[in-house]
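Asks: Chains Z and D are the protein sequences, given in the same order.
Under numbering that gives the first Met the number 0, think of the first position of the first sequence as 0, with each following residue one higher.
Under numbering that gives the first Met the number 0, think of the first position of the second sequence as 0, with each following residue one higher.
Because the hints were derived from the structure by calculation, they are not lab data.
Residues from chain D that face chain Z, not an exhaustive set, calculated with beta carbons under 7 Å:
#	residue
1	Val64
2	His66
3	Val112
4	Arg126
5	Ser154
Note that the Cβ used here is the ideal one computed from N, Cα and C, for glycine as well.
There are 2 protein chains.
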Amino acid sequence: MVQIPNTPASLPPAQRSVPTSADVARLAGVSRATVSYVLNNTRAVRISEPTRRRVHQAAKELGYVPHAAARSLRAGHSRMVLMPAPAVPLGPLYSQFLSDLQGALGRLEYTVVLYGTGGLHGDAAARAWAELRPVAVIVPGPGIGPEGVAVLKRSGARAVVTLGPEPVDGAHALLMDHEAVGRCAAGHLYARGRRRIGVVVPEEPGLRAFSRPRLAGVRHALRDTDATVTVLPLAYDEECAARLAARCRELALDGVFAYNDEYAMLLMRALQDDGARIPEDTAVVGADDLMLGRLLRPRLSTVHLELPSGRDLAELVDRAVREPGAAPETHTALGATVVHRDSS
Amino acid sequence: MVQIPNTPASLPPAQRSVPTSADVARLAGVSRATVSYVLNNTRAVRISEPTRRRVHQAAKELGYVPHAAARSLRAGHSRMVLMPAPAVPLGPLYSQFLSDLQGALGRLEYTVVLYGTGGLHGDAAARAWAELRPVAVIVPGPGIGPEGVAVLKRSGARAVVTLGPEPVDGAHALLMDHEAVGRCAAGHLYARGRRRIGVVVPEEPGLRAFSRPRLAGVRHALRDTDATVTVLPLAYDEECAARLAARCRELALDGVFAYNDEYAMLLMRALQDDGARIPEDTAVVGADDLMLGRLLRPRLSTVHLELPSGRDLAELVDRAVREPGAAPETHTALGATVVHRDSS
Numbered sequence: 000m001v002q003i004p005n006t007p008a009s010l011p012p013a014q015r016s017v018p019t020s021a022d023v024a025r026l027a028g029v030s031r032a033t034v035s036y037v038l039n040n041t042r043a044v045r046i047s048e049p050t051r052r053r054v055h056q057a058a059k060e061l062g063y064v065p066h067a068a069a070r071s072l073r074a075g076h077s078r079m080v081l082m083p084a085p086a087v088p089l090g091p092l093y094s095q096f097l098s099d100l101q102g103a104l105g106r107l108e109y110t111v112v113l114y115g116t117g118g119l120h121g122d123a124a125a126r127a128w129a130e131l132r133p134v135a136v137i138v139p140g141p142g143i144g145p146e147g148v149a150v151l152k153r154s155g156a157r158a159v160v161t162l163g164p165e166p167v168d169g170a171h172a173l174l175m176d177h178e179a180v181g182r183c184a185a186g187h188l189y190a191r192g193r194r195r196i197g198v199v200v201p202e203e204p205g206l207r208a209f210s211r212p213r214l215a216g217v218r219h220a221l222r223d224t225d226a227t228v229t230v231l232p233l234a235y236d237e238e239c240a241a242r243l244a245a246r247c248r249e250l251a252l253d254g255v256f257a258y259n260d261e262y263a264m265l266l267m268r269a270l271q272d273d274g275a276r277i278p279e280d281t282a283v284v285g286a287d288d289l290m291l292g293r294l295l296r297p298r299l300s301t302v303h304l305e306l307p308s309g310r311d312l313a314e315l316v317d318r319a320v321r322e323p324g325a326a327p328e329t330h331t332a333l334g335a336t337v338v339h340r341d342s343s
Numbered sequence: 000m001v002q003i004p005n006t007p008a009s010l011p012p013a014q015r016s017v018p019t020s021a022d023v024a025r026l027a028g029v030s031r032a033t034v035s036y037v038l039n040n041t042r043a044v045r046i047s048e049p050t051r052r053r054v055h056q057a058a059k060e061l062g063y064v065p066h067a068a069a070r071s072l073r074a075g076h077s078r079m080v081l082m083p084a085p086a087v088p089l090g091p092l093y094s095q096f097l098s099d100l101q102g103a104l105g106r107l108e109y110t111v112v113l114y115g116t117g118g119l120h121g122d123a124a125a126r127a128w129a130e131l132r133p134v135a136v137i138v139p140g141p142g143i144g145p146e147g148v149a150v151l152k153r154s155g156a157r158a159v160v161t162l163g164p165e166p167v168d169g170a171h172a173l174l175m176d177h178e179a180v181g182r183c184a185a186g187h188l189y190a191r192g193r194r195r196i197g198v199v200v201p202e203e204p205g206l207r208a209f210s211r212p213r214l215a216g217v218r219h220a221l222r223d224t225d226a227t228v229t230v231l232p233l234a235y236d237e238e239c240a241a242r243l244a245a246r247c248r249e250l251a252l253d254g255v256f257a258y259n260d261e262y263a264m265l266l267m268r269a270l271q272d273d274g275a276r277i278p279e280d281t282a283v284v285g286a287d288d289l290m291l292g293r294l295l296r297p298r299l300s301t302v303h304l305e306l307p308s309g310r311d312l313a314e315l316v317d318r319a320v321r322e323p324g325a326a327p328e329t330h331t332a333l334g335a336t337v338v339h340r341d342s343s
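Excised from the complex, chain Z in its bound form (with noise of 0.2 Å):
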């Protein structure tokens, strides 16, 4: 085998107690396949019972643990699912839906690895990904094209599956449909007598893959009605929240979806300071039906997200792992509802 010297070149030379498998074999007075099949618990083979216990006795003496590149590279795959990590901060709602995907492909004796990818993008992102040769590659949002698919399964991936708006060439879809959010709280302005609507565009850039579809549903909703559609930029703080309260009454704006509930919390707490009833004079729709918003009186209406379940997506994952040669399943995955109360 070719010797690399250590990259980046600055790192001292690794300790070489680090004990293998060989060790193992060694004081277990066995070979080193031996060694594999009681530690994989492969059952193909017949080993005795008092063998094992040697060798799991030897293991446990030297502190041995198996290493996983090592398996993988044997059997050409691991079983380690890839997603990248968000770049912004995790909503809640998003939050618990990672939490159930991590346990239920957990449960299928998948590791789940969040890639913290430090700025890099598009292809690029995905050659980094596919050094790692994972099985599989969930990436939420838009963030891979069918170059960087393929470039994955060259890698060995058996499956990519894409959470974004659109289907990806050569992956599996769960398609994100972000206009919806933005279609079902401009129907709902509009059926509460609205005209003049404003939508919510956060300033933070992480957000943009999001925000561009909902206020596209809303223009969607809104075509060919007598209802006006604005776009308000708002940077999640209160003075901004403020700055926007006071151009809202000065366009007389009567309705207006905040993008989620966080920023319409912000914005609707604004609108009071400045002197407006809600919803009597602007009414307000968030999205994410978080439970704080039935805190605030007025209690907020929102758009309720239905994302995948956790659990679908795993089997997915799963199914497509075990026949990467299949045809990529195509599934609508975001159901959204208004839930009216008392802020429109």
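Using the hints provided, position chain D relative to the given structure of chain Z.
Replies: Positioned in the frame of chain Z, the structure of chain D alone reads:
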């Protein structure tokens, strides 16, 4: 090398079309060593520009991606920093801390991997982490003991950093003093003249590691005073909050430290709906200093937590990786100060 059957046995055999560095070497007409030198950007070896270009061209043509596991097997270590993924959904404060840490470690060329354990605890979890041969492990909360640290170190981890209430033998420690949060809140309520003080303890089990020391801090601060402490278990839903508000009235509690801002917002609303004037009848203090607490009326008093900066923690990890023999460092890393608003 011993041939090990795939685990689990039900997976179909891996497709063997994954291009290897040998394929790149063949196409470029150079040795595998040269391919490795070029693609790992090794500066210790001089290789001509045309040869470099030929190797890059061949790698591109074949869609070859280096194999991180193979590289780490050769080098004896990886650039992987492993963190167990939290079992409970992240709060916004911790979620932001995690984003910062991932960014900072990414800039130091580490790959951050959040490991979804799926129910493993203590030393069993440490063994599972060790199988991935991380170069460093960061354990938030009290999730590892000295034996687990030893397993990781024997498996090649150069640094283990704990973010718990107490140092662990063999590991670097950023001490998170959650007792200080409780002391701080209790001292504030006492100074505001409150003597019958309730402490909310979330019933959600994943939060116990934080709620227990916070409660202990309250008891500690009020020991040898004329104040009483009542423990108030609370599940995070409106019905439980309504029942607890009635109980606060019956017990004539005049001050509540509500674990964090989310529980405080929930309870404060229930107290208001139950007819309590805040803060005249009951003062309420949360913790975490969330923006949303400022949007309520009255504005929520809170304990502001100062988590360690992601950059400082990343630098501690990097230092420890570079000097694996150095004595473990211990730093106190959680600052706590009261932010007095209108609810107390």
